[in-house]
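Sequence order for the protein chains is A and B. For any residue, its number in the numbering used here is found by taking its place in the first sequence, counting from 1, and adding 122. For any residue, its number in the numbering used here is found by taking its place in the second sequence, counting from 1, and adding 174.
To give an idea of the interface, some chain B residues facing chain A are shown, with a C-beta separation under 8 Å as derived from the structure: (1) Arg349; (2) Glu357; (3) Glu407; (4) Leu410; (5) Asn411; (6) Asp549; (7) Trp552; (8) Trp554; (9) Val578; (10) Arg581; (11) Val589.
DEER-style ranges, computed between Cβ atoms: (12) A:Ile334 x B:Arg359: 30 to 40 Å; (13) B:His464 x A:Glu162: 30 to 40 Å; (14) A:Gly230 x B:Pro213: 34 to 44 Å; (15) A:Glu282 x B:Arg359: 34 to 44 Å; (16) B:Glu559 x A:Val188: 25 to 35 Å; (17) B:Cys431 x A:Gly200: 16 to 26 Å.
Rather than coming from a laboratory, the hints here were simulated on the basis of the structure. None of these values were measured; they are calculated from a predicted model. Every residue gets a Cβ at the ideal spot worked out from N, C-alpha and C, and that includes glycine.
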Amino acid sequence: MTRDPVRIALVLPDLLGTYGDRGNVMVLAQRLKWRGIDSEAVTVLSSAQEVPESCDVYMIGGGEDVAQVAAVNFLRRGGGLQRAVSRGAPVLGICGGLQVLGTGFVTGDGDEHEGLGLVDAWTEPGAGRAIGEVTEHATLGAVGMLTGFENHLGRTVLGEHAQPLGRVTRGTGNGHDGVEGAVSGHVVCTYLHGPVLARNPQLADLLLEWAIGEPLEPLPDPPELRALRTQRTRLHVRERK
Amino acid sequence: MPDTTGGSAEAPVNSDPAESTALDQRWHVVPGPGIPEPPARRRAGPRTAAAIGAGRMAAWASRRFGFGSGGMIGGRLALTVQPNLLAELVLGRRVVMVTGTNGKTTTTQMVAEALRSQAPAVSNATGANMPDGHVAALIGDREAPFAALEVDELHLGQITGEFEPAVILLLNLSRDQLDRVGEIRTVVTSLRRALEQAPGARVVANADDPNIVQAAADHPRTTWVSGGLRWREDALNCPRCGASIEQDERGPWSCRCGLSRPAPDWTVTETGVFDAAGAHHRLALALPGHVNRVNATFALAAALLLGCGGDAALEHVSRIDQAAGRYGTVRVAGRSVRLLLAKNPASWLEMLELAAGHGRPLVLVVNSREADGYDVSWLWDVEFEVLRGRAVYVAGDRALDLAVRLRYAGVQCWVKSDVDEALVGMPDGVPDVIANYTAFRDVFARRRG
Ligand SMILES: [Zn+2]
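Bound-form chain A, shown alone (with noise of 0.2 Å):
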């Protein structure tokens, strides 16, 4: 079979970049090298013209308050992720991700700040950082259980036009309504550090079929993932006890 490499966009890593979310770009290389398809990362600094509207799927990780409304800035001004979301690219945006995609935010200042708008949410500094394990059922199709790890002082409450990508069993998740994350078409964002990709490979591989437009053969999961997945579900009912 050949097929062009899948392009893997890294975006603004430079500005949002602090919690290896990163390891999100391995995992999809990974995932598609072990199925025999080459990929090719491209990593979008902020010295950069724009974000290219060509790669395949896209990854956009968390920072600072100074360094979201910059990353904004930048994205609003190529316009290369709206019009790769328009074709139905899918974008992954966490913590920080998910407020620059999201219709604003409001930073620790008191400032208000206009996002990307490509999912209806919005989001206001809580009264405390939210920080520990989150297990979550996904909304999405088969994708299951989700575990990761939380660090945001953020609460987004979903407008109309998003679904939330999972309902809270443990966490703080968005902070309204039980729920964590916020979905809209292909554009997928959470709270959840981990890397979330490398806790959940169903949902890794879910982007990467919405990358490539096709169904990709199921691969086993490695032993330790699973015992890592079973350990941190485990947890969660001794404490609920």
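Please arrange chain B with the ligand on chain A, whose structure you already have, making use of the hints.
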């Protein structure tokens, strides 16, 4: 900008007791304004004497009844009795403060040893790097004319608010505990303010680290060390204006706002170090790796500024073979292992580089307790790919997270319930145990010999 060309050939002022020691001719010291004599010691007032007595008593009781080494609790109690105790205790001494994300404990020990080539020095050698730890170290020996003190990055300002150290070493800044310590930007601002409060101190700072340069560039008495910067992910954007930093492969970097790498006074090489006059000195250290040549250079720079002879200081530094357990060979579960501490992406990078230089088995231990930070997403910022083809065993609270990371890195590993189980049946040789903070502490506490 720092004065590196001062016409005065004035040598650094020597403190007692070795006023007559001539500067080693082969070591070029950047001429500076010199260091003012520390204020003469006063007789301790009754409150200070009471605080010292209480602190010593608490430290003794804590050791006696097994609550640990006793340093912190003694210092804390003494500070309760006399809140200004720190300023009292440093009177009549030359104090070197050491801060930065990585290498504080090792460099502090190097500074203390280098200074001991000339006169006694106290030090918070166990890494108790808050004011209570400083007080504990200082009341441990009231006579020593030198003190080498490690300080937490966010607490240097508290120190310089109380007294002016003779020398301040700024090693490096990088992301550390993701869920606890403030962002690097906050640390930079805090360090800048700390240095503003100490205009008379001599600063020795890392010229290759843009965050450190932003903190130290406006201090009038800075000496610059260039040792390279392996971990660059926290220095991609300018800490002053936010623009992308232009990085030259050979080391120099600059930003369009004008912030750039200062001309180094000391340049670390693969075998030693060039001083400001261009003379090369071989650094044959017992401690391994480039990272320790950089640490040693900082220590030597501090010692020379305080009037030590270069050769004697280097000889003392070269003999150090472990620092609070770091790099030490210890016996655990009946076999010898080398213990390495790695607590954030930058230090993992350094330690993996050491391990990459040999083929012995490796045990990697990762916890995520409060002192480590609960979030271990940083595992994905570390290039574990360099371990492909090696025998790797993993343990600790987050062994499974690490194992998943290694799976994606193409590194085969075995998950073990603890370090002891990992060591059982391992092939001959001295394995490296690389552990993050609490994991390291636990292994070190159980060691023999
Ligand atoms: Zn700049």
